[in-house]
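*Asks:* As a plain string of letters, each chain reads:
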Amino acid sequence: MSKKLTLDALRQLREDKQKELSKRDPANKDIQVIIGMGTCGIAAGAKNTFAAFLDILDAKNITNVLVRQTGCMGLCHSEPTVEVITHDMPPVIYGNVNKEACEKIISQHILEGKLVDDLICDRPAIDIIR
Amino acid sequence: MAYKQFILVCGGTACESNKGIELVAELKRAVEAVGLVNDVQVVRTGCLGFCEKGPIVKIIPEDTFYVEVKPEDATEIVNEHIVKGRMVERLLYDKSQSKQHVEVDEIDFYQKQFRIVLRNCGVIDPDKIEEYIARDGYAALEKVLFEMSPDQVIDELDKSGLRGRGGAGFPVSKKWAFAKVQQADQKYMVCNADEGDPGAYMDRSTLEGDPHSIIEAMTIAGYTIGANKGYVYIRAEYPLAIGRLELAISQAREYGLLGDNILGTDFSFDIEIRLGAGAFVCGEETALLASIEGKRGMPTPRPPFPAVKGLWGKPTVINNVETLANIPVIITKGSDWFSKIGTATSKGTKVFALTGKVKNSGLIEVPMGTTLREIIFNIGGGIRDGRQFKAAQTGGPSGGVIPPEFLDLPIDYENLAKIGSIMGSGGLIVMDETDCIVDVAKFYLDFTVEESCGKCAPCRIGGRSLYNLLGKITAGTATMDDIDTMQEIATAMQRASLCGLGQTAPNPVVSGLRYFRDEYEKHIIDKKCPSGKCKNLLSYSIDPVKCVGCTACARVCPVNAIAGERKKTHVIDPVACIKCGQCYEVCKFGAVIRG
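Listed in order, the protein sequences are those of chains Z and W. Start counting the first sequence at 1; every next residue gets the next number (the working numbering). Start counting the second sequence at 1001; every next residue gets the next number (the working numbering).
Worth double-checking, as some hints may not be accurate.
Claimed, not checked - Some chain W residues close to chain Z (C-beta under 10 Å, calculated; not the full set):
(1) 1083
(2) 1124
(3) 1127
(4) 1134
(5) 1138
(6) 1254
(7) 1259
(8) 1261
To be verified - Cross-link-like lysine-lysine pairs, in silico, DSBU-like; alpha carbons within 30 Å at most:
(9) Z/3 to W/1143
(10) Z/60 to W/1340
(11) W/1333 to Z/19
(12) W/1333 to Z/29
(13) W/1314 to Z/29
(14) W/1084 to Z/47
(15) Z/47 to W/1143
(16) W/1143 to Z/60
(17) Z/3 to W/1128
(18) W/1143 to W/1314
(19) Z/29 to W/1028
(20) Z/19 to Z/3
(21) W/1314 to Z/99
(22) W/1180 to Z/4
(23) W/1333 to Z/60
(24) Z/4 to W/1333
(25) Z/17 to W/1143
(26) Z/19 to W/1112
(27) W/1455 to W/1295
(28) W/1028 to W/1174
(29) W/1028 to Z/19
(30) Z/19 to W/1128
(31) W/1333 to Z/3
(32) Z/29 to W/1340
(33) W/1084 to Z/17
(34) W/1128 to Z/47
Hints in this document: simulated from the structure, not taken from any laboratory. Using N, Cα and C, we set each Cβ at its ideal position, and we do this for glycine too.
Work out the full structure, taking the sequences as your base and the hints as a guide.
*Replies:* Shown next, in the form of structure tokens:
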């Protein structure tokens, strides 16, 4: 099959690839979702959580969220843990974040600016943050 | 499955030659070893610009910037940073010796920069056409083919104010318009990638990091002027750039973005690569065309200009790499956007290859009108080893030296011409007080004499005479009359040479005489070289008061010209001394006198 592009095919290709590449662009991302991916987090399913965040953000076409990982946050009893940082709200750590919780965090916290009460964990001890 | 993290590794020539290829392989292997091949993508990008600290590794989305990474660091980066989320602190770019994490945007080197030409360098994988397309690649071509007439393209370029980045700064729209109005059965579009200034590598990096931008721009040019054939003239000593360009051309053909009936329209255009053997004169457009035709690379008188009678006698437009890389952006973002950047007469940005005695050498892009002070002290991090700034040379062998009093002059075509230098293609060499202005001029003349094609007498004979006179000055045998002779020769070369090579070759001498005349006079009258570069004017002796007889100088002297016993004053034999200066460097007591 010839790979020669028509105008529409070129535009389609650009659109498809754009999403993929925009993840590499740290500019214009003002919200951070940080996933605890220490051994404990990964064992508790943090990889699925990570994938769920990416998928839902993609599906909802939200581009200003930076999803990144960090090590163990010290809340191993509530893994997977996720920290959400937006500029107009205090940084919050959510625990036991499964796929449904991802949905809630994105739709309530990120889109509407409301904390997801039943998932909030305390901030970890200060020596762990350091 | 989408990737979650990206490890971008600089794939420019500088980093690749510094074990960058092994580094990519090691990183890939390390990622595989921890089972994250589906989560983490290792991308080899074009030049990230920070060549001083290469190889560079950037991790996205965290935007962590690692410098001077060695292949053996790969496992640690993957195990610590990727798996555990802890930064490898010892590899971070160390700003003020504090071990704080510095994000890329916070590094001074990048803060003052504005990237248009290098927009994709260090972001995309140059070997993947899809990544170029995703970054609005070929959107300009699309717009031009389906929405714009050739006249509209020329009009847009005219309004943008884009001028040629190869040296002379001729408006691009005018060049294209001349070629467009010619009636001919065949026209050609040529990309000049024969970058030959000592120390300049902007065009090489652009081609290595973003080859498709050149292909797209050439195709747009072909559509505008009515050419269906393009040539990229590139020097054979750029194998990496050639390889990536070849691959890019074949990908573009495969996708129907080059070849017959581009994107289903009735416009056809194709590109061929022609390798040059690396003659400086072939950067001159008529010599370049002769070389493409298979003849000896020598310039011919203009007019007729190539836009009227160029390659094989047909109307031909020749643009330099950097010029072309601007064009797709101007078309997609519009001339209004572009013309807001820069100064009144010089629009857009300029890429400089910043080298010499500056702390952060590298590839930078700044808006026109940025001052030398910002480039050298903010981006470049100042002068190495705490020395003083003495001069900067723009335009390579065709430019002039710029003294410290012009550090705050906004750089654009007109201002540089006013102070006796030129924009040139973008080499920017920084000199400190240990550089001798006469010696630098001699170095450039040596280059232009070597590279002169010998066709016209002013360049062939004038250049050699200037070089000989500079030799006399550095040897201490010149008289003040020789300065007048040099001025005379320089004027003759500037007025009578056939092409730019000869016309600009005297610039380093003329500007040196203009701003550093006292240094020339010291060489001629006092027979001294203030910077200590000109060996024939130096003599070394030992101060008997300061000498403690430590024997350090005698031990380091390669010709055993220093005599003296332990704890007794040492003496240098001036006849045996080869003036290498090692005793001067090694003496801890300041007892060796250079004068």
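*Asks:* If a hint holds in the structure, say so; if it does not, say that too.
*Replies:* Each hint tested on the structure:
With 10 Å as the threshold, the beta carbon of residue 1083 of chain W comes within range of chain Z, its nearest partner Cβ sitting at about 8 Å, so the hint holds. At a threshold of 10 Å, the smallest CB-CB gap from residue 1124 of chain W to chain Z is about 7 Å, leaving the interface hint in force. Checking residue 1127 of chain W against chain Z by beta carbon gives a least distance of about 14 Å; that is not within 10 Å, so the hint is violated. Evaluation of the residue 1134 of chain W hint against chain Z yields a held restraint, the C-beta minimum of about 3 Å falling below 10 Å.
Because the beta carbon of residue 1138 of chain W sits about 6 Å from the nearest beta carbon in chain Z, less than 10 Å, this interface hint is met. For residue 1254 of chain W, the interface hint holds, since its Cβ comes within 10 Å of a Cβ in chain Z; the closest pair sits about 5 Å apart. For the restraint placing residue 1259 of chain W at the interface with chain Z, the shortest Cβ-Cβ distance is roughly 8 Å, inside the 10 Å limit, so the hint holds. A hinted interface residue such as residue 1261 of chain W counts as satisfied when its beta carbon comes closer than 10 Å to some beta carbon of chain Z; here the least separation is about 8 Å, so the hint holds.
Proposed proximity of residue 3 of chain Z and residue 1143 of chain W is supported: the alpha carbons are some 21 Å apart, at most 30 Å. At roughly 35 Å between alpha-carbon atoms, residue 60 of chain Z and residue 1340 of chain W are farther apart than 30 Å, so this suggested pair is violated. Distance check on the hinted pair: residue 1333 of chain W and residue 19 of chain Z sit about 20 Å apart at the alpha-carbon level, within 30 Å; holds. Our distance criterion of 30 Å between C-alpha atoms is met by residue 1333 of chain W and residue 29 of chain Z, whose separation comes to about 22 Å.
Taking the CA atoms of residue 1314 of chain W and residue 29 of chain Z, the gap is near 51 Å; set against the 30 Å cutoff, the hint is violated. Simply put, residue 1084 of chain W and residue 47 of chain Z have alpha-carbon atoms about 13 Å apart, close enough for the 30 Å limit, and the pair holds. Restraint check: the Cα-Cα separation between residue 47 of chain Z and residue 1143 of chain W comes to about 42 Å, which exceeds 30 Å; the hinted pair is violated. The straight-line distance between the Cα atoms of residue 1143 of chain W and residue 60 of chain Z is roughly 29 Å, inside the 30 Å bound, and the hint therefore holds.
Between the alpha carbons of residue 3 of chain Z and residue 1128 of chain W the distance comes to roughly 15 Å, so the proposed pair stays at or under 30 Å and holds. The straight-line distance between the Cα atoms of residue 1143 of chain W and residue 1314 of chain W is roughly 28 Å, inside the 30 Å bound, and the hint therefore holds. Of the pairs offered as hints, the one joining residue 29 of chain Z and residue 1028 of chain W holds, with about 27 Å between alpha carbons and a cut-off of 30 Å not exceeded. About 22 Å separates the Cα atoms of residue 19 of chain Z and residue 3 of chain Z, which keeps this hinted pair within 30 Å; it holds.
About 65 Å separates the Cα atoms of residue 1314 of chain W and residue 99 of chain Z, which puts this hinted pair outside 30 Å; it is violated. Between the alpha carbons of residue 1180 of chain W and residue 4 of chain Z the distance comes to roughly 28 Å, so the proposed pair stays at or under 30 Å and holds. Distance check on the hinted pair: residue 1333 of chain W and residue 60 of chain Z sit about 27 Å apart at the alpha-carbon level, within 30 Å; holds. In summary, the hint linking residue 4 of chain Z to residue 1333 of chain W is supported, as the alpha carbons are separated by about 26 Å, within the 30 Å threshold.
A threshold of 30 Å between alpha carbons decides the hint, and for residue 17 of chain Z with residue 1143 of chain W the separation of about 19 Å falls inside it, so the pair holds. Our distance criterion of 30 Å between C-alpha atoms is met by residue 19 of chain Z and residue 1112 of chain W, whose separation comes to about 28 Å. For the given pair, residue 1455 of chain W sits about 14 Å from residue 1295 of chain W by alpha-carbon distance, which is consistent with the 30 Å threshold. Pair hint residue 1028 of chain W plus residue 1174 of chain W does not hold up; C-alpha atoms about 49 Å apart against a cutoff of 30 Å.
With a C-alpha separation of about 23 Å, the suggested pair residue 1028 of chain W and residue 19 of chain Z falls inside the 30 Å cut-off, and the hint holds. Pair hint residue 19 of chain Z plus residue 1128 of chain W holds up; C-alpha atoms about 16 Å apart against a cutoff of 30 Å. Pair hint residue 1333 of chain W plus residue 3 of chain Z holds up; C-alpha atoms about 28 Å apart against a cutoff of 30 Å. Restraint check: the Cα-Cα separation between residue 29 of chain Z and residue 1340 of chain W comes to about 26 Å, which is no more than 30 Å; the hinted pair holds.
For the hint linking residue 1084 of chain W to residue 17 of chain Z, the alpha-carbon distance of about 29 Å falls within 30 Å, and the restraint holds. A hinted pair counts as satisfied when its Cα atoms are at most 30 Å apart, and residue 1128 of chain W with residue 47 of chain Z qualifies at roughly 28 Å.
Hints 3, 10, 13, 15, 21 and 28 from the list above are not met by this structure, while the remaining hints are.
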